[in-house]
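So the sequence lines, in the order shown, correspond to chains A and B.
Here my numbering is used: the first residue of the first sequence is 1179, the next is one more, and so on.
Here my numbering is used: the first residue of the second sequence is 16, the next is one more, and so on.
Some clues are possibly wrong.
As the list claims (entries may be wrong) - Restricting the straight-line Cα-Cα distance to at most 25 Å, the calculated cross-link-like pairs of lysine to any residue (SDA-like) are:
#1 K1307/A <-> T1294/A
#2 K1303/A <-> L1260/A
#3 K1182/A <-> A45/B
#4 K1182/A <-> A124/B
#5 K1307/A <-> A124/B
#6 K104/B <-> I1218/A
#7 K1303/A <-> P102/B
#8 K1307/A <-> E1259/A
#9 K104/B <-> H1220/A
#10 K1182/A <-> A128/B
#11 K89/B <-> N74/B
#12 K104/B <-> G1216/A
#13 K1307/A <-> E99/B
#14 K1303/A <-> S100/B
#15 K1182/A <-> L44/B
#16 K1303/A <-> E99/B
#17 K104/B <-> E1253/A
Rather than coming from a laboratory, the hints here were simulated on the basis of the structure.
These numbers come from a predicted model, not from an experiment.
What follows is each chain in one-letter form.
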Amino acid sequence: MDHKEMLTSLRSAFQVEAADLLNEVDSSLLQLEANPDGEIIHRVFRAIHTLKGSGAMVGLERLSRFAHRVEEVFEAARDGELRVTPELTDLALRACDLLRVFLADADSTPDLESGTEQQLVTALKAFVKPETQAAPAVQAAGPAVAALGVRSAADCSGFHVCRSPASVFLARRVSATNASSTDLHPAGAGNSKRPFARP
Amino acid sequence: MKTILAVDDSATMRQMVAFTLQGAGYEVLAAVDGVDALKQIAGRHVDMIITDLNMPNMNGIELIRQARSLAPYKFVPILLLTTESAPEKKQEGKAAGATGWIVKPFNTAQLLATVQKVMR
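Can you build the whole structure from these sequences, using the hints too?
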């Protein structure tokens, strides 16, 4: 199987998986309206997180980037930083509809539904922002992660390399259960062997 | 033939890892979460584990911790595949006993190169 065949095959696998995940998110959101349960919030977060990660792997950049915005909100909800309100579940249901549009658009058309996207992103950010103002570190981490996503999405089609080798750490030796930083190569010991280096 | 266990709740990711590594001559087993992975390695030997971080039932960090507590898996290479690039998450992975970390999205060549580097 060559590169192109593999991508085609993975994309169809993702279509099936993503459709299932979006249905799962929809029904979880409806459950959340009646019962804001932590486990259900976690389930929504995980499903959106998978959409983001696997979507990026198959080159669906707009889907992945937008999923990240939704993920941020449910991450905050999962961590107890914001309450799941009917307004939020409503917004998230609309976000799911947009994710379905992006899923159907294998070419990642830049202008597709950009007005709707803008509107939803603004609304999603408004949910997270009041909570993160008190924590500048969290606020700073958000855009950095998003920027990575954008970079990889913009620079990539399919499986092209988007990450520096520094994003891969390799331990010289992992001493089982009590691995400590001393078991790893010191930073700068080798290009691809920098432990836990920032990408 | 070396055997690699790919652990991910995303079918797309499991397929991607399997395609890539089978093409390079590895035998690839798949597990859907940490619990499934522990079940699979209990019955047989694998030469490497590649795991996602965020999964239902048992996440990648807990899987690594539990695998490292099993004698046959003390030194087996374990790679984390994840979208998380936060330093504290990497520290957590390192502390649990992960051998390496690859941030998604990555390409097949990168995955293969890393696997070949850590496979003994």
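Hints, one by one, checked against the model:
1. K1307/A <-> T1294/A: holds (20 Å)
2. K1303/A <-> L1260/A: holds (12 Å)
3. K1182/A <-> A45/B: holds (23 Å)
4. K1182/A <-> A124/B: holds (14 Å)
5. K1307/A <-> A124/B: Not satisfied, since the Cα-Cα distance of roughly 38 Å exceeds 25 Å.
6. K104/B <-> I1218/A: holds (23 Å)
7. K1303/A <-> P102/B: holds (23 Å)
8. K1307/A <-> E1259/A: Roughly 10 Å between the alpha carbons, so the hint for K1307/A and E1259/A holds.
9. K104/B <-> H1220/A: Holds: K104/B and H1220/A sit about 18 Å apart, inside 25 Å.
10. K1182/A <-> A128/B: holds (20 Å)
11. K89/B <-> N74/B: holds (18 Å)
12. K104/B <-> G1216/A: holds (21 Å)
13. K1307/A <-> E99/B: Roughly 21 Å between the alpha carbons, so the hint for K1307/A and E99/B holds.
14. K1303/A <-> S100/B: Holds, at roughly 21 Å.
15. K1182/A <-> L44/B: Given pair K1182/A, L44/B holds - Cα atoms ~24 Å apart, limit 25 Å.
16. K1303/A <-> E99/B: At roughly 20 Å apart (the allowed maximum being 25 Å), E99/B and K1303/A satisfy the hint.
17. K104/B <-> E1253/A: Since the Cα atoms of K104/B and E1253/A sit roughly 14 Å apart, the hinted pair holds (cutoff 25 Å).
Checked against the numbered hints above, the structure breaks only hint 5 and satisfies the rest.
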